[in-house]
Amino acid sequence: MPLALPVVGMATPFHWQGTEDEGSRMRKAMAAMPVHFSLCEEPRRKILCYGDSLTAGFFAGGLKFDPYGRTMSEVLASGGIYAQVSVCGHSGCTTREMLDAAETDLADVVGCTGNGLCKILAEQDFDLVIIMSGTNDMGRGTHSDAIVEDLSQLHAICHSQGVPTLALAPPSAPRFDFSQEMQRQYIHSQLCSLASTTPYLLGCIDPAELVSVADGQFWESDGLHFAPRGSQVLGQNLALLVASSLADNSPDVTA
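Residue numbers (my numbering): 1 to 255.
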């Protein structure tokens, strides 16, 4: 049964910790993924954030990154949950491309290389995997049901290893027209239905409920990618949502 997720309001943005050029340094660090964020040497929990450029924190046309996973690790630590949050976001790649490269590596459109999902899971044990993908699939005209099926297969890779997952639907975006928003909402509803019958799929979250599509400070000028403040708000709100499951010895996937 899916995890009962608490309802949270929009959090105050977690302020950037670093200089103006922090995004450029982060872009260099993420040339080879996953990248690991932790505020302690021996984290008790390990989370993987996996997906596309929205997971990678792509901004400034891909010249800079600010992944939501970094803020998530900081917020969890501030609440006494010392977790390693690993990030692998394949910019410009579809869910099908992620599946095809699951056991190898995948080079993306900005020249970064990330390990495939199977390869990542083989190298480390994780308590939770958060998957956000589908935006590029929509942009390439992939049928909604095919996107949902590919997403379900990504989650199944984790479940086969005994790792629970949390689905993030493709986020809403300022540039989406009516048909794209309806497609996005359909994918979200199908993922929610899948979660109701898939024990290790803890739930599906609509990022539009965590990051306002109407607030320009959260979005890049391309109308598709999160600005740094948008990624930070997403990371902060997600930390609030997953904290209860990480506080226990293991997520309850049978309740």
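Hints were generated in silico from the structure; no laboratory data involved. Worth double-checking, as some hints may not be accurate.
Simulated pairs of lysine to any residue, SDA-like, Cα-Cα distance not exceeding 25 angstroms [unchecked claim]:
(1) K46 with G61
(2) K119 with R96
(3) K64 with D215
(4) K119 with S78
(5) K46 with A60
(6) K64 with S244
(7) K64 with V163
(8) K28 with E149
(9) K28 with E97
(10) K119 with E149
(11) K64 with E97
(12) K64 with H143
(13) K28 with D105
(14) K28 with G79
(15) K46 with D215
(16) K64 with T198
(17) K64 with D125
(18) K119 with M26
(19) K119 with H36
(20) K64 with A31
(21) K64 with G111
(22) K28 with G62
(23) K64 with R44
(24) K64 with G79
(25) K28 with G92
(26) K46 with S244
(27) K119 with E103
(28) K46 with G139
(29) K64 with A122
(30) K119 with A156
(31) K119 with A102
(32) K28 with A156
Going through the hints against the structure:
no.: 1; hint: K46 with G61; result: 30 angstroms, violated
no.: 2; hint: K119 with R96; result: 16 angstroms, holds
no.: 3; hint: K64 with D215; result: 21 angstroms, holds
no.: 4; hint: K119 with S78; result: 31 angstroms, violated
no.: 5; hint: K46 with A60; result: 29 angstroms, violated
no.: 6; hint: K64 with S244; result: 32 angstroms, violated
no.: 7; hint: K64 with V163; result: 31 angstroms, violated
no.: 8; hint: K28 with E149; result: 33 angstroms, violated
no.: 9; hint: K28 with E97; result: 23 angstroms, holds
no.: 10; hint: K119 with E149; result: 21 angstroms, holds
no.: 11; hint: K64 with E97; result: 23 angstroms, holds
no.: 12; hint: K64 with H143; result: 31 angstroms, violated
no.: 13; hint: K28 with D105; result: 18 angstroms, holds
no.: 14; hint: K28 with G79; result: 29 angstroms, violated
no.: 15; hint: K46 with D215; result: 32 angstroms, violated
no.: 16; hint: K64 with T198; result: 36 angstroms, violated
no.: 17; hint: K64 with D125; result: 29 angstroms, violated
no.: 18; hint: K119 with M26; result: 23 angstroms, holds
no.: 19; hint: K119 with H36; result: 15 angstroms, holds
no.: 20; hint: K64 with A31; result: 11 angstroms, holds
no.: 21; hint: K64 with G111; result: 13 angstroms, holds
no.: 22; hint: K28 with G62; result: 11 angstroms, holds
no.: 23; hint: K64 with R44; result: 30 angstroms, violated
no.: 24; hint: K64 with G79; result: 28 angstroms, violated
no.: 25; hint: K28 with G92; result: 18 angstroms, holds
no.: 26; hint: K46 with S244; result: 14 angstroms, holds
no.: 27; hint: K119 with E103; result: 5 angstroms, holds
no.: 28; hint: K46 with G139; result: 32 angstroms, violated
no.: 29; hint: K64 with A122; result: 29 angstroms, violated
no.: 30; hint: K119 with A156; result: 14 angstroms, holds
no.: 31; hint: K119 with A102; result: 7 angstroms, holds
no.: 32; hint: K28 with A156; result: 31 angstroms, violated
The earlier numbered hints that this structure contradicts are 1, 4, 5, 6, 7, 8, 12, 14, 15, 16, 17, 23, 24, 28, 29 and 32.
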